[in-house]
Amino acid sequence: MSLTTATAPPTDPGPAETRRRRAGRSRLEPPNRWAGLLTVGWLTIVAVPLLVMINWSLQSQDAYLADGPLAPPRAITADNLVTVFDSGFLLFFLNTAVVTVACVGLTLIVAVPAAYAIVRSPSRIVAAGFRGFLLGLAIPAQATIIPIYLLIVRMGLYDTLGAIILPTTAFSLPLAVLVLASALRDVPREQYEAMTLDGASAWRMMFSLAVPMSLGSVITVGVYTALTAWNGFLFPLILTQSVDQRVLTLGLWSFQSEFGVDVPGLMTAVLLSAMPVFLAYLLARRWLIAGLAGVGGK
Amino acid sequence: MSERAPDRTTRPGVWYAVPAMVFFGLFALVPLVAVVVLSFTHWNGLGDPQPAGLENWERLASDPTVLDSLRITVLLGVVCWLVQTPLSLLLGVWAAGPQRNRAVLSAVFFLPLLLSGAAVAIVWRSLLDPNFGLASVLGPLVGIPDGNLLGSSTSALLVIVAVVAWQFVPFHTLLYQAAARRIPRQLYEAARMDGATRLHQFRHITLPQLRNTIITSSLLMVVGSLTYFETILIVTDGGPGRATEVLPFRMYEAGFRSYEMGYGAAIASALVLIGTLLSLVMVRFSGFSKMRSTLEGL
Chain X
1 MSLTTATAPP TDPGPAETRR RRAGRSRLEP PNRWAGLLTV GWLTIVAVPL
51 LVMINWSLQS QDAYLADGPL APPRAITADN LVTVFDSGFL LFFLNTAVVT
101 VACVGLTLIV AVPAAYAIVR SPSRIVAAGF RGFLLGLAIP AQATIIPIYL
151 LIVRMGLYDT LGAIILPTTA FSLPLAVLVL ASALRDVPRE QYEAMTLDGA
201 SAWRMMFSLA VPMSLGSVIT VGVYTALTAW NGFLFPLILT QSVDQRVLTL
251 GLWSFQSEFG VDVPGLMTAV LLSAMPVFLA YLLARRWLIA GLAGVGGK
Chain F
1 MSERAPDRTT RPGVWYAVPA MVFFGLFALV PLVAVVVLSF THWNGLGDPQ
51 PAGLENWERL ASDPTVLDSL RITVLLGVVC WLVQTPLSLL LGVWAAGPQR
101 NRAVLSAVFF LPLLLSGAAV AIVWRSLLDP NFGLASVLGP LVGIPDGNLL
151 GSSTSALLVI VAVVAWQFVP FHTLLYQAAA RRIPRQLYEA ARMDGATRLH
201 QFRHITLPQL RNTIITSSLL MVVGSLTYFE TILIVTDGGP GRATEVLPFR
251 MYEAGFRSYE MGYGAAIASA LVLIGTLLSL VMVRFSGFSK MRSTLEGL
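Sequences listed follow chains X and F, in order. According to full-length UniProt numbering, the first sequence holds residues 1 to 298 in order. According to full-length UniProt numbering, the second sequence holds residues 1 to 298 in order.
Take the hints with a grain of salt, since some may be wrong.
Unchecked claim - Only part of the chain X face toward chain F is listed, based on derived beta-carbon distances under 10 Å: (1) A35; (2) T39; (3) W42; (4) G105; (5) T107; (6) A128; (7) G136; (8) A138; (9) A170; (10) A202; (11) M205; (12) S208; (13) A280.
Said to hold, decoys possible - Residues from chain X that keep clear of chain F, each with C-beta distances beyond 12 Å, as calculated: (14) P73; (15) A75; (16) T77; (17) D79; (18) L81; (19) V98; (20) V101; (21) D186; (22) P212; (23) M213.
These are calculated hints, taken from the structure and not from any lab test. In this text, all values refer to a predicted model and were calculated from it rather than measured experimentally. For each residue, glycine too, the CB sits at the ideal point set by N, CA and C.
Next comes chain F alone, as it looks inside the complex:
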């Protein structure tokens, strides 16, 4: 900008941005602060919130169900990441290639993204019904004779991982596909002339070039894993026992099933804190700041 002549064009005033800022402030930023304030109150959802001091937070620190939820949330996030990242990376890179049937494939890939989380959960719940669903046929084949995949804690968690992957791998595939298409083709051509195998090309060109996308996609997955809610509500309702109760579910239970909104707000504050920390840690350790294009090596 500085090298150019001063800009004398007519410019819009601040008020162009005011409606959006007010809207967003009122329904997103104010609640973000208010959730912390509410965590220091008792409120049953009716009437006025009453001051409660540190009570909710003391209870939070020693509540075994919340600690369990935290553990389950982290476990679920890690496993979902481990399952989804390699799958969507490989699928996306392949889909960015020159295959003739790509259009048909990406059209089918896309369908789960169009269904609502509720619809996806309902379809899977029916598929997994031990009496009439696919699970009654497939369960015995994978060592669960009664087909009741939602009956044990481990398999219920794996079901959630599978449903989440079914729904979101297409989205991450799309991210990788879009990014892989932008890798300069000369890089591959040069590598091929040097006799690099496909595996070499993948390791030394594709992966480094997709670094930004891997970070973005992983961040979305990690932050997203803190928000799995309707899937769990509909497929397992937190069960069996409390085996699939992630933090947002525990918050919903405290706030809207037990009417302990203050306690729910404390859980929600913890959720915000964890989400922010996770994002910061990931950005730092993945070296966001150090990222450079591998083009420099040419």
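The shape of chain X in the complex, shown without the other chains:
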């Protein structure tokens, strides 16, 4: 459907190109003040809740209750960290990490060969499989949750991390296969021909030609899958139950009721839960943006 238009991630123009465009534009047209104003307005809307959240996480609960929502912290405190870690945060964090690493690993292990086969194999079965993946882009996970619950219970996986990992991976496959396939299409046929003359197997061609040449997309898929797995809510909510198997998103939700009015503690937990994502964003910004922007296609 809509997502079938996903293309190879766009690359940023190089610095020279950007400079040339800047100079070109500013000579011809004055800056667009209204649009600039709108952007600053939206920026405020985005930034204020985030700043309030950070502000709250730095103050004690007493100060928060006494000084009102907009007061800056009187004294910066680390008490909230103690509260959060005492509430099992570390366990939820580790569970989420296990789920995320497993989802990324599984997704790449099955999606890379599948995309390679879709691009290279003449088989009709593979082509039909590709259409199946395309169909999958339009399936909302919500609508399938009851049968998935039945399936997971019957497989004896209910209330395990595996119950989260398997469906999360399955639902990340359509986009992964699509992005990888469009990247693999760009590998020139001559390269495959040259390797065939050298007597290389299809498997070797995948590892020493196709994957290295589309490494950017492989990373994009990895980063995007990690983001989805880290932030997943519905599958953990329905498919796990005990505190031992709780992931961060559910942990935050339970903190909300357990902490009562300890909003500073809650905000600290939210910030801590997003920390690895922020770090990953700093490291892999280019691939994350490429992956998300690639969804829109042209």
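Given chain X, put chain F in place with the hints provided.
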């Protein structure tokens, strides 16, 4: 392909794609069929589903809470689209321009996308707390003296619209930004030489060139609006009354709170049906097939 010499390269076998196909089939395609099958059964979540004939569907057709949910789902989808599309279109087009501070802006824009839906909902719920949150300060300014924005059905719905926009406008902005960067600059240069104003350029170049992206983004929004779940669960829990109970929430309630999985499956089937129909209608009426590049006019 046909003009070229026959391809004699070594090609991968079908089995490269098999793991991904099995995975995806088992956890996405089979459940899609199974949800319809389950809608003709009674099942309390334990034991075996029992055949129920058309009972769930008859009940569905006459259940006022489901009809209300349908109405709320559609209303929410329409309002969210109306709010998000112009905002993200304008922001994206502006962000694709040559501004010097663009990098900083897009970095801040990106932050809500990194937070999980659960985290976003929790932050907003705290901000909107009538006693201690921002709402206690800002509520009186917008005519809600007690600051209880979640107290009335209209304002609770608007809150959901605002939270969804806060979370997803950055994503759609990114889509438009990526697409706007690919519009050939010569089009604008030619228009400027003809003396076209900025507004003219926007109407006659930018909008037609972004047509594909507008459709893609709108489809994602519409299909996405059928899946707002954790936002509603955490911010309003469907309330006040049933004012924010969208279809997936109603399904969750039927299946996992009242243990009427068969009935939940019937609601889920309706959800799949509506999603598919909406996508088809949108693709048809927006003239996906007729789309051409405006470059032809040159």
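How the hints compare with the structure:
no.	hint	result
1	A35	holds (4 Å)
2	T39	holds (6 Å)
3	W42	holds (6 Å)
4	G105	violated (13 Å)
5	T107	holds (9 Å)
6	A128	holds (9 Å)
7	G136	holds (5 Å)
8	A138	holds (6 Å)
9	A170	holds (3 Å)
10	A202	holds (4 Å)
11	M205	holds (7 Å)
12	S208	violated (13 Å)
13	A280	holds (9 Å)
14	P73	holds (15 Å)
15	A75	holds (19 Å)
16	T77	holds (17 Å)
17	D79	holds (18 Å)
18	L81	holds (17 Å)
19	V98	holds (17 Å)
20	V101	holds (17 Å)
21	D186	holds (15 Å)
22	P212	holds (16 Å)
23	M213	holds (15 Å)
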